[in-house]
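Asker: Residue numbers (this note's numbering), protein chains in the order written: chain G, 1 to 496; chain X, 1 to 230.
One should not assume that every hint holds.
Straight-line alpha carbon distances no greater than 30 Å define the calculated DSSO-like cross-link-like pairs of lysine-lysine that follow [as the list claims (entries may be wrong)]:
| hint | chain 1 | residue 1 | chain 2 | residue 2 |
| --- | --- | --- | --- | --- |
| 1 | G | Lys-288 | G | Lys-299 |
| 2 | X | Lys-19 | X | Lys-5 |
| 3 | X | Lys-135 | G | Lys-15 |
| 4 | G | Lys-288 | G | Lys-192 |
| 5 | G | Lys-211 | G | Lys-192 |
| 6 | G | Lys-15 | X | Lys-19 |
Hints listed in this document are in silico derivations from the structure and should not be mistaken for laboratory results.
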Amino acid sequence: MSVLARSVGNAFRNKIRTAAVVAVLAVAIGLALSMLVANQAVGSKVQELNASVGTTLTVNPAGGQGFEGGGEPLTTTEAQTAASVANVTSVVGTKALRLQTATTGTTSTTGTTGTTQQTGQGGGFGPGGQQASVSTNLTAAIDAGTLGNRNNSSGTTGTSGTTGTNGTTTQPARALPITATGIGAEVDSTGKALNITSGTGLGDYTTAGDKALVGTSLATKNNLSVGSTFTIQDKTFTVAGIFDAGTAFGNNAVYVTLPEAQTLAATPDELSTMIVTVNSMENVDSTKTAVQNALGADKADVTQGQRNLETAVSSLDSVKNISLVAFIAALATAGIIILLIMVMLVRERRREIGVLKAIGAPNRTIGLQFVLESLVLVAMGSVVGAVIASFASGGIASALISSNTSTTAATTTQRGGGLAGAVPNGAVPGGGGFGGGGQGGPFGGASQLLTSVTASVSPGVLAAGIAAVFAVAIIGALVPALLTARIRPIEVLRGE
Amino acid sequence: MIEVKDLVRQFKSGDRTIKPVNGVSFELEKGSLSSIVGKSGSGKSTLLSLLGALDKPTSGDVVVDGVSLAGLPDGKLTEYRRRDIGFVFQQFNLIPNLSAVDNVMLPMEFAGIRKAARLKRAKELLEQVQLDPEKHPRRTNRLSGGEQQRVAIARALANEPKLILADEPTGNLDEQTGEHIIELLSSLSRDHNTTILVVTHDRSLAQKTERCFRLQQGRLTEEVRSGSRR
Ligand SMILES: Nc1ncnc2c1ncn2[C@@H]1O[C@H](COP(=O)(O)OP(=O)(O)OP(=O)(O)O)[C@@H](O)[C@H]1O
Ligand SMILES: [Mg+2]
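If we strip away everything but chain X, and leave its shape as in the complex, we get (with noise of 0.2 Å):
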């Protein structure tokens, strides 16, 4: 279970400062499926950020299991994105020279799983996001937004993480794919356990969880719903 204690992340621009992130505070189920919506530029990849330890908050905490990000050394804080983090970038962030495969089984070789496994759950994962492994490029970045964005969420799920946070994890997707995605999302939320949060403008994607935030001027705020579903 995460719980988000009044997160503050400000930011220096020129003589200005703003704060993308004032004082949120939130819990999540563990195994919930949540998305997070708001305008280009409200904060909520800010926000994701904070949570999945890549970056600091101004002040705050966010209380994983028990265990405040706050007060944990760098190495620990690796050691949480690798094994309990599956992070979807915005912008995909690949390794581009490295193919598929290889790029699916890093987050595995950090982890010290064996090569012949690593190999075995990289392909499984490729086929699960509607991929084919054999048949793609040596590099990734010869792929297309979508390839990539697939791949992304492939190596999101390699270390069977305790929570996935995906930006904009069918942006780049067709609807039919797109989909397939929020399916798979969903699925591992209710058969593995795991905590979801995504980041979407993408309404249908928005409808499908179990509950909705909405960032505003750096507060967030769920928005209620007539008929809750699971």
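Isolated chain G, as found in the complex (with noise of 0.2 Å):
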């Protein structure tokens, strides 16, 4: 018999406190790690959200986010004006575009009319005046659900006039539209890098030219890949490069060159939306005066996505916290445990340590003996609380993400309207033809971020976290035996 099986038997030696003390383990590793997952899980969210606008502003036409619409739009002068403000590392000004599908399109008499009348009223066309709409041969890659239907509704009840009868003559609740963005870099509508899959960029994005960049699924409903050619009022385009942007939305649309944008919509120098980046996040507060004072109150609005994710971020980073410290008051109290339980194990065999020590058992056996018991017994507990956690991690974590930052997704998605706070990362810029306000973009999608943090156990997390019970354990273990067995042995063997 060996020291490691005399350890093992001395585990199991009685069957009913061993299973208790396993189970309590068990549970508090399992919290333990659980939190540790949830840490994780909710420290790589808030990386991902600061990463991905955490530096942006966003500039609106003055009045562009009402229902009534109206004030100027914006023009390159404005974007130079923005550009040159201090912290400013770039403007990047989008044109965006709704593409009617030409088949249903020209049927109705709104076809070309349509697009005269549109670019003609100019920014008096729909909530905000944004986007003018186009003809294309693509067919959109949403189909309209309910959704779709609502959409058309609220826009027939928000705009009135000519879309109105547009809208409910010639689509009754048919496709949504495809939004074509020119873009003056290759970002996207909210100023996020775009994830270009297959075939290149544009390449020059400042001047006028015929190649595209398509959304997967925009590109698979029509069957396009790169060096597919498809059209949008009456110009050829060329696919230049397939992007995901990671919803369905978001990839239901086609990105031009800001110049080529602004041609086909005829509004030379125009701009829906600049997309500002600033140079840090400390300097966003600041920069975001000094856009809006630079440009004017009456003519611009500038919007800083960071204000709302600023709170989403730091609700999320005190989740951080509190699951970082209940994942130390946890495996604190998984170390109080079999610190308790060996201490206890150690006192009832006192004797027996000085038997062991009598009959010539150096202290480092001793001491090898009950570190390896109390290992056993933090092993079952770790592989027990393991699968525990495995079944409770991804529900601790989205609870406590989404008990900390409801209230925040609902101030977001109010904000976004009523569209985009229903559109997961509603990549519609500006949204002002669903009858809603400017902001949808980045908000949408953060609240869908929030509520979709799901928890991954990484190796390295658990190997930590078990690491550490099992130094607890082995200290637990190791102190009191060896404080007993430096007794002489007559004391201990002659016993209280």
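Got two chains here, separate frames each, mind docking them using the hints?
Answerer: In structure tokens form, the structure reads like this:
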């Protein structure tokens, strides 16, 4: 019989107690692991949020977010003004177009006339007046479900006159429009770098050209691949690349160069929005004010994705801290449990330690025997605890996140208006045509990110947590065992 | 050879100090078989545990083959107990949840003897004390007092110690088995040159030892016998 066999045997000497100890340890370890996992999940989500929209400001024409629309469109002059503000690293202009599928569009009389009317009306069209509507041979990748119907009806009530007729007579509950956006750099309509999955970017974004980037789902729906062609308003475009925006709406979109979109909309120089990137998170607030002042309050609205996100990030950060504290507390509990158990076991078997010592067992053998015994207990506790954690951690993580960020999410979606709230990552920049406000993009996305945080167990995290408990177990067994072994055997043997 | 020099062990109980061992000096020749007798509570077990390095004297020293125990650190004392001493406790002190064989194998495990050799020797030793290693319960706390006592004796012999200190080794045994144990101990002293010191109340055992000491009021006196035997 070896030390190991003796230790394992001793671990099961009192089976009921062993079961109880393992159960309690398992709960504590399971909780600790869940918290660690939650902490990591939240941490990476915070990073993701910061990275995605951390330092961008969005500039819309003044009044562009209201139902009434109005205001002067932004132009390249404003872009230059914004670019000259301190701490601004880049200004990317975008020009959003609404593409109506030509097959239905042309059968109705609104096909070309609609376009003429709309472009002619400029700012007067629709809320915000930022999206000109043009025809295309592409079919939208998103079917109009309940959501689409609601959008259309809301579009109908929200806008009146020209589009009212258009919407009700020719497009009863049909596909959503496709968004075409002219971009001044290789970023999407929210300022995030585009993730091009095949092909290349557009190269020079500052000149007009007949190349376009198409979202994955739109490409699939229309059988497009790199090199394929399609038309927007009778002009043939070649697909230069396919991108993945990560969401269904984001992928139902086309990107062309900014000048090209301006040409298509027949509004040279005009911008729907500008995405201003600030050099660091700390400067976002002051730069926002500076840009607003530089452009004039009557000319442009500067909004800060940051403001809401900061709340979201800080509440996530507090969740992160709470989960870290809870992790440490649960781990400490596991440590205290095993510590007390081992102190108790050593006390109970003091006499046995005396016997071992009396017949010549070195202190290290005695220490090793108890360490192994405690490791057996912790190992069983960890295995059961890991099973508990693998079931509980996902639930715990999302419970923590949703309970702490629900208020933020509500504020966020409210700002985005009806549609943006309902649409995940509402990739409809300045979604004026949908009867809502202009800030759907980043906030719809943020709320989705917040609620969909799911915890994933990385082996490193697990190892670190379990190693910590094992370390406590080793100390908890070693210290009392060695303290007892150091006493003269006769004192221990004679007992209390 | 064991030299005991002016050994004192005192205990404080309340405001009283008692000295069950109070200035004990004697020598034991290598390979000798000796016994200590004395009244209950006279301090026989106390003296034995001082010789076995289970306890430290208040003053005085035990010198084993020229090495003073008083000067040895804890690790060396442990080694002394493991290699040189076979101790049979009055209360047996077996590990209750281990089998007889496992108990006997323990000192050999600490001495680093390989498992197969340990097992073989443990079985031989159990047979020597008239226990059948094969047909015994898995836990020694299920054994009878006499059986436990014999396992304790077998364990004391495991590492072929130079000095066997046995505290009432026949106290729980019937006459015949006791005789056998006495015979076993004397053969060890005779054939293996093992020094043996037994504490006993058993007259016949005391009779059979070469020398007999009496512990009384903390002092040790040797009983003078007419014809010595061997
Ligand atoms: N740790 C201690 N503290 C106080 N008194 C002790 C201690 N150990 C032993 N004694 C006392 O020392 C005396 C001698 O005890 P010891 O066990 O050596 O007697 P003994 O001769 O072996 O008796 P017995 O024949 O009954 O086994 C006893 O009176 C006992 O109460
Ligand atoms: Mg005694």
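Asker: All the hints need checking, so say for each whether the structure fits it.
Answerer: Structure-based check of all given hints:
Pair hint Lys-288 of chain G plus Lys-299 of chain G holds up; C-alpha atoms about 15 Å apart against a cutoff of 30 Å. Restraint check for Lys-19 of chain X and Lys-5 of chain X: satisfied, since their Cα atoms lie roughly 16 Å apart, inside the 30 Å limit. At roughly 25 Å between alpha-carbon atoms, Lys-135 of chain X and Lys-15 of chain G fall within 30 Å of each other, so this suggested pair holds. Note on Lys-288 of chain G and Lys-192 of chain G: the hinted pairing holds, with a Cα-Cα distance of about 18 Å set against a maximum of 30 Å.
Pair hint Lys-211 of chain G plus Lys-192 of chain G holds up; C-alpha atoms about 20 Å apart against a cutoff of 30 Å. Between Lys-15 of chain G and Lys-19 of chain X, the direct Cα distance comes to roughly 45 Å. Violation of the 30 Å bound is thereby established for this hinted pair.
Checked against the numbered hints given earlier, the structure breaks only hint 6 and satisfies all the rest.
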